[in-house]
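Novice: Protein sequence lines, in the order shown, are assigned to chains P and A. With my numbering, letter number 48 in the first sequence gets 48, and the count goes up by one each step, no holes. With my numbering, letter number 43 in the second sequence gets 43, and the count goes up by one each step, no holes.
Derived from the structure by calculation, the hints contain no laboratory data. For every residue, glycine included, the Cβ atom is placed at its ideal position computed from N, Cα and C.
Across the chosen pairs, the derived CB separations fall in these ranges:
id	chain 1	residue 1	chain 2	residue 2	range
1	P	Gly234	A	Ser77	48 to 54 Å
2	P	Thr113	A	Pro208	53 to 59 Å
3	P	Arg252	A	Glu209	28 to 34 Å
4	P	Val74	A	Cys16	45 to 51 Å
5	P	Leu101	A	Asp85	35 to 41 Å
6	P	Gln8	A	Gln195	21 to 27 Å
7	A	Gln195	P	Leu71	34 to 40 Å
Covered stretches of chain A, going by a simulated chain P footprint (3 or more residues, C-beta under 8 Å):
id	stretch
8	59-72
9	80-92
10	95-103
11	187-199
Output of the computed footprint for chain A on chain P, the stretches with three or more beta carbons under 8 Å from beta carbons of chain A:
id	stretch
12	7-13
13	49-63
14	118-130
15	250-258
Take a look at the letters that make up each chain.
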Amino acid sequence: LKIAEAVQQRAWGWAAAANLNLGGVGAAFHLSALIAGGGRPDLPAAPFLVLAGFLLQTIETGRPLRGYKVLSSVLQPDGSWMSREVLLGVVFVIAGLTDWLFPHPLLTPITATAAAGFILAQGLLVYRARAVKAWTTRTVPVLLGSLSFMGGSGLLLAIGGQEPGQIQGPALLALIVLTVNGTVWHLHESTRPGRRRSGAGVGVWMGAHALCGTMAISVAALGAGRVVELLAGGLMIGTGVLLKTGLLRAGRMHPLDLSTVLAKRSGSEKASPGR
Amino acid sequence: MMRWAMVIDLRQCIGCKSCSVICSQGNGVPQSSWRRVIDCGVPEYAHRERLFVPVHCNHCERPPCLEVCPTGATTRSRDGIVTIDQSLCLGCGYCVLACPYQARVIIDREFHLPPGAARRNRPEDYLGVCTKCSFCSERVDAGLARGLQPGRDPEATPFCVTTCTAGALHFGDIDDEEGEVVTLVRENRTAVLQQEFGTGPGVYYLVPEWWRDFPAKAAGGRVEDR
Chain P
1 LKIAEAVQQR
11 AWGWAAAANL
21 NLGGVGAAFH
31 LSALIAGGGR
41 PDLPAAPFLV
51 LAGFLLQTIE
61 TGRPLRGYKV
71 LSSVLQPDGS
81 WMSREVLLGV
91 VFVIAGLTDW
101 LFPHPLLTPI
111 TATAAAGFIL
121 AQGLLVYRAR
131 AVKAWTTRTV
141 PVLLGSLSFM
151 GGSGLLLAIG
161 GQEPGQIQGP
171 ALLALIVLTV
181 NGTVWHLHES
191 TRPGRRRSGA
201 GVGVWMGAHA
211 LCGTMAISVA
221 ALGAGRVVEL
231 LAGGLMIGTG
241 VLLKTGLLRA
251 GRMHPLDLST
261 VLAKRSGSEK
271 ASPGR
Chain A
1 MMRWAMVIDL
11 RQCIGCKSCS
21 VICSQGNGVP
31 QSSWRRVIDC
41 GVPEYAHRER
51 LFVPVHCNHC
61 ERPPCLEVCP
71 TGATTRSRDG
81 IVTIDQSLCL
91 GCGYCVLACP
101 YQARVIIDRE
111 FHLPPGAARR
121 NRPEDYLGVC
131 TKCSFCSERV
141 DAGLARGLQP
151 GRDPEATPFC
161 VTTCTAGALH
171 FGDIDDEEGE
181 VVTLVRENRT
191 AVLQQEFGTG
201 PGVYYLVPEW
211 WRDFPAKAAG
221 GRVEDR
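For reference, chain P alone in the conformation it holds in the complex (with noise of 0.2 Å):
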């Protein structure tokens, strides 16, 4: 018997919709610019991206003072995705702010971990949030992580770069991350339980792709110019950013739900609690 009726969540507002934005595309940035360019990128927005975003969060916070805290649990084997997620921002933060300042090759593959590592404990983090219907289906953390791949690689996009003639490694990028972001999201769309589709979303959602995808291939095979690789950087990282904030947004608690699991026993035949 449903008792109450699933509520939308209140817990996490815009500014934690802002931190896990801001915190994806920074780390992805960072991953993308190694992936694509070859090498760390050249201006440390990345980190910066992180710390705001951790900033950001402070405000929903109720008490941002005991932040500090959040690492006590962080090497417990049973211990808080949110704990590890912090770790590994605040590592990507001293690591890729260290780099910049005075580059050392081994600080490449500590801030290229840690950048991962953040970006899979954001998706985990979200799926551990039982109560959360949308939140609980397993190509969540794989969904989130390819629309922080989404804005991170948009944004490598839009600073652009590359020489004309060159191989266009952002593009070609972009336009695999649009092809794994648009599997998943369709994945992701077609078994998640209690599913309602909105025609208009899906509608804008398709046509961000496929103006992303034409973009991207013009500026990979054809060599267009700045202004394209600006808007199609800009639209990948404005998709991306919509649709991780409308799937953090949109959640819903599960309904309370009443279900018998004894029924009444005669006699001998007795049951135990069930436990």
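Starting from the structure of chain P, add chain A where the hints point.
Specialist: Just chain A, lined up with the frame of chain P:
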């Protein structure tokens, strides 16, 4: 092993909410933050049976809130009671989203307690942090230390149980095979909330024979005027 549990007899509950009021008064928390009573509505039955479901923390055997808490503020004691250390809580809201019972709230605005309410904790200590039912663990522990038996002796029993006007609430050790709560669960039609989550809840509901026929349109936690 001992594990405290509560049995709520929905056949007896009249929805007076005295449990929620005394919970707020006794523990010094905003009303309905630790305990709320859901009115499942007025069906169009000839006999117009009503169903009220008190909802609060289920003190699970495998609490989903415990594994997400990043600061260790949420703990589960050896007697099965899940508590929050307010001084450690960050107010991040993660546990609110992990609890399938919607039993946790973040106090995000100032509140005032009525005269006579408990003053053990200052209201400002709750501001910005998560709070929930503690099964009155301090009261239970203090009673045990005095040699009292929780569930039988009022001074060692949660406020809500001692105040229930309809005698619908029962508290005791679910591992005590001869105890009252085990007997009630054994001998009656028993239900739990959110069974699909497999959390091993410590709150059991004794349901009336007609409960499955309770019309869906009356459910949903609404009160409809007719």
